[in-house]
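So the sequence lines, in the order shown, correspond to chains A and B.
65 is the number of the first residue of the first sequence in the numbering used here; add one for each residue after it.
464 is the number of the first residue of the second sequence in the numbering used here; add one for each residue after it.
I should point out that these hints are in silico values taken from the structure, not numbers from a laboratory.
Idealized CB from N, CA, C, for every residue including glycine.
Treat the hints with caution; some may be incorrect.
[Said to hold, decoys possible] Some, not all, of what chain A presents toward chain B, calculated at C-beta under 10 Å:
hint: 1; residue: Pro-78
hint: 2; residue: Met-81
hint: 3; residue: Ala-204
hint: 4; residue: Ser-207
hint: 5; residue: Phe-211
hint: 6; residue: Ala-212
hint: 7; residue: Ile-218
hint: 8; residue: Pro-242
hint: 9; residue: Leu-317
hint: 10; residue: Gln-349
hint: 11; residue: Gly-371
hint: 12; residue: Pro-375
Here is what each chain is made of, one letter per residue.
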Amino acid sequence: MRNYIIARLLAIIPTTMVLILFVVVLIRLLPGDAIDVLLEEQVRLDDVSRAELEARLGLDKSLPEEFVRYTLGTLRGDLGNSIFTEEPVTGLIRQRIGVTLTMGVMALVIGATTGVVIGIISAVRRNSLLDYFLRSVSIAGLSIPNFAIATAVIVFPTIWWKWSPPVIYTPPGDGIWPYIAQFFTPAIILGLSLSASLMRLTRTMMLEVLRQDYITTARSKGVREGTVVMRHALRNALIPVVSLLGIQVAFLLSGTVILESIFSLPGLGRTLIGSLTARDYPVVQGLTVVSGLLVIMVNLMVDVSYGVLDPRTRAE
Amino acid sequence: MAVAGDAMLVPREPSLAARWSTTLVRFARRQPIGAFSAAVLVLLVFVAIFADVIAPYSPTRNNVGESLISPSTDHFFGTDQFGRDLFSRVVHGARISLYVGLGATFGAAACATILGAVSGYLGGVFDYIVQRFVDASQALPPLVMLIAILVVLEPSVTNVIIALAARGALSLSRVIRGAVIGIRAFPFIDAARAMGASTPRILLRHILPNIFPVVVVLMSTSIGGYIVAEASLSFLGFGVPPPTPSWGGIMSAEGRLYMIVQPWILVFPTIALSLVVYVMNMFGDALRDELDPRLRGSR
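Next comes chain A alone, as it looks inside the complex:
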């Protein structure tokens, strides 16, 4: 088990290096006039010379030099500074990451629990009316894009009841409950598509496992049906579901970009959109690297959790 975790940890290094290479190359691919546009458009850069701005973007160094500098910076927790405010990007991220993480974790919990529970119900009551109903709803959940649902959730209550979910941010300082409560609507919408895809896989895997001989054995020994489903079947059915969860985390973070924008929540996603509109490229670079690292970390946890779920991986 320890060797397994060490091997997984080492595998992170090359992936992270490619991630950093991506953001470093990205800046160099900007159209030639991007610097001129920045200097002309942005009043905040009036006192800044062209050479100074290029230095702030890391364009004064060669690609290998800049890559090494950025990598070492990332290791120290330094992701450069905003070209406008010269505020460190890491500080900005530290302020904003709480919102994204709170919403993401809430969506993950809501999506995973409903998806798995509905998947089990659907598998146990296979081909019943309830099963067809749940499957139809989940396919609908997969087909309607989250930004359409989110917009509808704001627009229709306003029309019908002259009320809409708040789109004003409440900082955690105003009390922990109002802070958490404001994330419920976006987190449920975000969890919806996750729940739908998890439900479909849980159902398939449960049906597969419930056909196995050891389930028949357990039943014939007189084990209660609830125990058979929860202990014997679910534990084995969950392994591929957990790996799908790992893949879906990247999509979940994608969704936070959209939902933070719609619900005006100051998280990483909204900061990304804001800094793109302002062309604050170092902030874009930093956010890209951090969101990639978040996904890598979650997938690491998923891989380690295999060891808990499936003792066979521990032996390897």
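Fit chain B to the supplied structure of chain A, relying on the hints for placement.
Just chain B, lined up with the frame of chain A:
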């Protein structure tokens, strides 16, 4: 079936059209939902091609005198805040969705096939490096990566397709690589090599035909995702630039205040987009079950 003289004597191969129709009938019988989806898709392609004929008005012409009208016989879906006919915009939006969806699918599949086949067949250092790029692309949230690419490329329909295809190619290539590694182990590949076939020849004549079903299935299951991704990008303002009608763009955040007056602006594009994505997913599932049973339940 009156067929003239000589042809009667020789038993003829069924014509291409006849073989295709048998295949189609069999598909329809085994996969009724898939066949229904295919019919809707044909309809969508029809709408996209003849958008200019079907749409009664120009999708981009402003008419301030007629803004925010409810659906009527003049304007089937009503009008938006600029007085543009919503029905015409949704019809033309089908063209953009389909164009982006198909463009990204074919672009991604072509690049992924080359990348995956070469990476899987050659193995070694090349494979290792390519796979780390795939890892990194999968670690990035799709929208973050797409937006980052589009900032460099400047938003346009073609660039949206390029960005989607680039991301798609990397993630699809891993599945294709897996299939190639499986095929590489078969003795007929060794036989071909023993007979002196070059690497490009083995890839083209022996590997490619065998991974073709996998590629087709991947293409059909991924197209819906590209259409949603385009809509999301346009919704956020990083996709197809206005006034070009894209379904995501019509629903975009700037129009939200007007939707409170005229919710049809939100409703019709949502229905169109969801229907297309639903139909694409169903068709993809059906095709997967038909062509490659091993992939069943993988989504």
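Hint check, failures only: Hints 8, 11, 12 contradicted; others consistent.
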